[in-house]
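Colleague: Given only the sequences and the hints, what does the whole structure look like? Please build it.
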Amino acid sequence: LATVEPTESMDGVNNSVVNEFVLLGLSASWEMKILLFFFFSVFFVGIMFGNLFIVFTVIFDPHLHSPMYFLLANLSLIDLGLSATTVPRMIVDLFSECNIVISFPGCMTQMFFIHVMGGTEMVLLIVMAYDRYTAICKPLHYLTIMNPKMCICFVVTAWIVGVIHAISQFVFVINLPFCGPNKVESFYCDFPRVIKLACIDTYSLEFVVIANSGFISIGTFFLLIISYIFILASVRQHSVGDLSKAFFTLSAHITVVILFFGPCMFLYVWPFPTLSLDKFFAIVDFVVTPVLNPAIYTLRNKDMKMAMRRLSSQIVSSRETL
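In our numbering, the protein residues as written are -13 to 308.
Any given hint could turn out to be false.
Stated by the list, open to error - Below 25 Å or equal to it, Euclidean Cα-Cα: the simulated DSS-like pairs (lysine-lysine) are:
hint, residue 1, residue 2
1, K265, K19
2, K169, K19
3, K169, K182
4, K124, K135
5, K231, K291
6, K288, K231
7, K265, K169
8, K182, K265
9, K124, K288
10, K124, K231
As the list claims (entries may be wrong) - Restraint-style ranges between C-beta atoms, simulated for each label pair:
hint, residue 1, residue 2, range
11, R296, K182, 31 to 41 Å
12, S13, V302, 40 to 50 Å
13, F233, F23, 21 to 31 Å
Read the hints as simulated data drawn from the structure, not as lab findings. Model, not experiment: these values are computed from the prediction. Each residue gets a CB set at the ideal place from its N, CA and C atoms; glycine is no exception.
Modeller: Here you go:
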């Protein structure tokens, strides 16, 4: 089990400090572990290659040097980082014969980076919605509004907001006293579950986490859905043909928004959490959504598919010449 070290406070009272946490993992069944191993491994390879391929395609194909694809490449990097914080450890821990232990610094680091990536993706999805609004509703001014400098500012702002979002919760949790129990009811560390292990009353801090991660997720989700409805309503006034084209374009964005925010709202707001559903929605956020994003944006985008074919043919021809 995780170790507990005795410490002595300023007033001479002995306290016990947990310096490791025990993760309960996913399943004790050997057959289920093998199934999860192949599932996570295949999906993580898909996440790695799918998102990296999008990034390299956008970088090396001049036809994709536009605001929409610049934002898409950044979304792929964030999805890659979000999965990398949890999935590799999930795969390794599946076949651990003893208790799954994570150090206190390791747990805090994992929580911090999960919320940095999550907060950044939240803002980036808003920026991508604004990009589509500008492209569909103000096509003549699109390149002027979404110029390269503005796109870089949007991405930098997204990362700053992500860091602030993580720090605003992290500074409270890092100073909490943990003296046991030390079992985290999940396969990864996250603020709501770790806070419950503190030795003091954390009701107010739990509300801060719900407000920070939960209510913001709900507000952002409905803001995005309303913005997409507004775009479609604006296009409908001009032409039914333009409406169907706009809906086809926005349906990919709406799908990604639902996949990302749905699990977040359940994990941080749902008042009756259950361990099995928490694990399921966490797997959707860390494993399923990052591998579906590349598929959703590439399989429905002719320019991206053509660019990937060009990049693939260039790679094959370069190998043949070698």
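Colleague: Work down the list of hints and note, for each, if the structure agrees.
Modeller: For each hint, the structure was consulted:
no., hint, verdict
1, K265 to K19, "14 Å, holds"
2, K169 to K19, "20 Å, holds"
3, K169 to K182, "10 Å, holds"
4, K124 to K135, "19 Å, holds"
5, K231 to K291, "18 Å, holds"
6, K288 to K231, "13 Å, holds"
7, K265 to K169, "15 Å, holds"
8, K182 to K265, "17 Å, holds"
9, K124 to K288, "22 Å, holds"
10, K124 to K231, "15 Å, holds"
11, R296 to K182: 31 to 41 Å, "52 Å, violated"
12, S13 to V302: 40 to 50 Å, "41 Å, holds"
13, F233 to F23: 21 to 31 Å, "40 Å, violated"
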